Amino acid sequence: MGWLTLLFARRGALVRMVLLDLSGVGYLIFVAAPGAWQWTLAGIAFAAALVLHRRPAINLAVQAVLFAVATAWLDDPTINAVGAGWVLLEATVRSAPPVRWWGAGALAVVQLAGGPGDSLRGQLYSLVPLVGLPLLVGALVRATGERTAEEQRRREAEAREARIAERGAVARELHDVVAHQVASMVLRVGVARHVLPGLTPPVQEVFDDVHATGTTALADLRRLVEVLRAPDGVRDDAALTVIEPAALPAAFDGAVETARRAGLVVDADIAPEVRELDAVRGLALLRLTQEALTNVAKHAGVGAKVHLLVAVGPETVTWEVTDDGGAPAMGGPVVQGGGHGLTGMRERVAVLGGELEAGRHGTGWRVRTVLPRAAA
Amino acid sequence: MIRVLMVDDQQLIRAGLRMLCDAQPDLEVVGEAGDGREAVTLAERLVPDLIVMDLRMPGLDGITATGRILAARPAARVLVLTTFGDDDHLYPALTAGACGFLLKDASPEELLDGIRRAAAGESPFSPEVLRRLVHRAV
Chain X
2 MGWLTLLFAR
12 RGALVRMVLL
22 DLSGVGYLIF
32 VAAPGAWQWT
42 LAGIAFAAAL
52 VLHRRPAINL
62 AVQAVLFAVA
72 TAWLDDPTIN
82 AVGAGWVLLE
92 ATVRSAPPVR
102 WWGAGALAVV
112 QLAGGPGDSL
122 RGQLYSLVPL
132 VGLPLLVGAL
142 VRATGERTAE
152 EQRRREAEAR
162 EARIAERGAV
172 ARELHDVVAH
182 QVASMVLRVG
192 VARHVLPGLT
202 PPVQEVFDDV
212 HATGTTALAD
222 LRRLVEVLRA
232 PDGVRDDAAL
242 TVIEPAALPA
252 AFDGAVETAR
262 RAGLVVDADI
272 APEVRELDAV
282 RGLALLRLTQ
292 EALTNVAKHA
302 GVGAKVHLLV
312 AVGPETVTWE
322 VTDDGGAPAM
332 GGPVVQGGGH
342 GLTGMRERVA
352 VLGGELEAGR
362 HGTGWRVRTV
372 LPRAAA
Chain R
4 MIRVLMVDDQ
14 QLIRAGLRML
24 CDAQPDLEVV
34 GEAGDGREAV
44 TLAERLVPDL
54 IVMDLRMPGL
64 DGITATGRIL
74 AARPAARVLV
84 LTTFGDDDHL
94 YPALTAGACG
104 FLLKDASPEE
114 LLDGIRRAAA
124 GESPFSPEVL
134 RRLVHRAV
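Chains X and R, in that order, give the protein sequences. All you need for my numbering is the position in the first sequence, starting with 1, plus 1. All you need for my numbering is the position in the second sequence, starting with 1, plus 3.
Fair warning: there could be bad hints in the mix.
Which residues of chain R face chain X? A few of them, derived with a C-beta cut under 8 Å, are [said to hold, decoys possible]:
#: 1; residue: 33
#: 2; residue: 62
#: 3; residue: 89
Not everything, but these chain R residues come out facing chain X in the computed CB check (under 8 Å) [as the list claims (entries may be wrong)]:
#: 4; residue: 12
#: 5; residue: 19
#: 6; residue: 45
#: 7; residue: 87
#: 8; residue: 110
Quick list of simulated restraints, FRET-style, between CB atoms [claimed, not checked]:
#: 9; chain 1: R; residue 1: 78; chain 2: X; residue 2: 214; range: 39 to 45 Å
#: 10; chain 1: R; residue 1: 98; chain 2: X; residue 2: 299; range: 31 to 37 Å
#: 11; chain 1: R; residue 1: 27; chain 2: X; residue 2: 210; range: 23 to 29 Å
#: 12; chain 1: X; residue 1: 161; chain 2: R; residue 2: 125; range: 19 to 25 Å
#: 13; chain 1: R; residue 1: 27; chain 2: X; residue 2: 310; range: 14 to 20 Å
#: 14; chain 1: X; residue 1: 164; chain 2: R; residue 2: 27; range: 48 to 54 Å
#: 15; chain 1: X; residue 1: 168; chain 2: R; residue 2: 137; range: 30 to 36 Å
#: 16; chain 1: R; residue 1: 25; chain 2: X; residue 2: 299; range: 32 to 38 Å
#: 17; chain 1: X; residue 1: 202; chain 2: R; residue 2: 33; range: 52 to 58 Å
#: 18; chain 1: R; residue 1: 136; chain 2: X; residue 2: 147; range: 53 to 59 Å
#: 19; chain 1: X; residue 1: 254; chain 2: R; residue 2: 124; range: 47 to 53 Å
#: 20; chain 1: X; residue 1: 363; chain 2: R; residue 2: 74; range: 44 to 50 Å
Because the hints were derived from the structure by calculation, they are not lab data. These figures come from a predicted structure and were not determined experimentally. Glycine included, every Cβ here is placed at the ideal spot set by N, Cα and C.
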């Protein structure tokens, strides 16, 4: 029903009024044999419709008055009846609910009072196109529009929530990485202070200061990590939130292995230079890979062919996961992408100064990013 | 002489601990492992008196490694030495059978004391961790 909302969108009001006026002019020229008064009333109605296209309530009032005048004076008030009916529809869609009831009432009174020649049944029937139809169609358009807007709001809220959650996860992991490094520094300094012979008192003092500051920083970091901890528990591979770059190839192999167990046919092309990346970038690439492979398993299904590429250049790191959309026989409609996984991936990439491209590629899907190797 | 196996994925930590222990007459570092899998292998081959174990490591993590080592040799003693002492690390490690839990910012004296006590059959804990345990228990 989205087309209905689109057809009566606020943006299109002027266009609708122009079309209405043109059809009115056509009627006057080709069908009716209008007199001066009919031209005058029609002209005013046409002008009001255009000028007041953004103010449906006022427009409706003006058209109702013109309709009353036309009904009283003219033999053929069709132009003003159609105009009033149409603007009643516009007002039903856009104005506060009382407007439509006042408008509908006014038009009905004019119609019933102004047609002395017709039978009562004929008069009542004439209310259907003039009042009934506009109210009905208007209410339908309005309800559809409200539902669409509601849907849109819900989707946006969900995306926002996912983004916040992912930001929390990224923050936690970053602090986690730093905490580990600070911990090793603190330990090393403490040991050096304890073990190295012949330290002069000033040097001892420096060591003690570094140790004390490091310990305080570590306590702060621990608190932060705990605050940022995901409420729904740790990811099942939390052991990997801190990873030595040298261990990255093994970790990538692990991710690929997991995907293979899930039924994907993975062809991995990982540059050995990934071990030269810093811990934060390395971890981000690993997380992106895990997320992307999970998405492929979810959307393309068992048997899908996946190509994972991690290429390390002097300035940039290129990461790409492409799939073939899976075997058609495995069937089922492709679940449309853009889930929370993708939102999270965008956040992660943005933190590192890159941009995530995601979209259709051949029969399948591709996600890709190029990250700067050093912090911008 | 207490024979110690150091397990940590950070080279810096292993070197620091080795330096600390080698300066002691009663401690000897007999091996170093960079991940859980290596730790399980070395624990079996070297039969150390004490295994000092980090928890978060790539591949096989410290908790799983602790469980495997103790399953193979229930008399083995594993002392956890890690950055974080929160519930997600502490309780699984204790459940896996670790005999003590120290944080990496412990002072060298605390570390040495912890290593000696753990080897002697006691259960050393960093004050923070102990506080957490007590808080949870009462």
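Hint-by-hint comparison with the structure:
1. 33: violated (18 Å)
2. 62: At about 6 Å, which falls below the 8 Å cut-off, the nearest Cβ of chain X leaves the hint on residue 62 (chain R) intact, so it holds.
3. 89: With a closest approach of 6 Å, the residue 89 (chain R) hint holds.
4. 12: holds (5 Å)
5. 19: holds (4 Å)
6. 45: violated (17 Å)
7. 87: With a closest approach of 6 Å, the residue 87 (chain R) hint holds.
8. 110: holds (6 Å)
9. R:78 x X:214: 39 to 45 Å: holds (41 Å)
10. R:98 x X:299: 31 to 37 Å: holds (32 Å)
11. R:27 x X:210: 23 to 29 Å: holds (25 Å)
12. X:161 x R:125: 19 to 25 Å: Roughly 51 Å apart at Cβ, these two residues miss the hinted range, so it is violated.
13. R:27 x X:310: 14 to 20 Å: Because 50 Å falls outside the window, the suggested range is violated.
14. X:164 x R:27: 48 to 54 Å: holds (52 Å)
15. X:168 x R:137: 30 to 36 Å: This hint holds: roughly 35 Å between Cβ atoms.
16. R:25 x X:299: 32 to 38 Å: Since residue 25 (chain R) and residue 299 (chain X) have Cβ atoms about 52 Å apart, the given range 32 to 38 Å is violated.
17. X:202 x R:33: 52 to 58 Å: With Cβ atoms ~36 Å apart, the hint is violated.
18. R:136 x X:147: 53 to 59 Å: holds (55 Å)
19. X:254 x R:124: 47 to 53 Å: For residue 124 (chain R) against residue 254 (chain X), whose Cβ atoms are near 40 Å apart, the range 47 to 53 Å is violated.
20. X:363 x R:74: 44 to 50 Å: holds (49 Å)
Comparing the model with each earlier hint shows violations of hints 1, 6, 12, 13, 16, 17 and 19; every other hint is respected.
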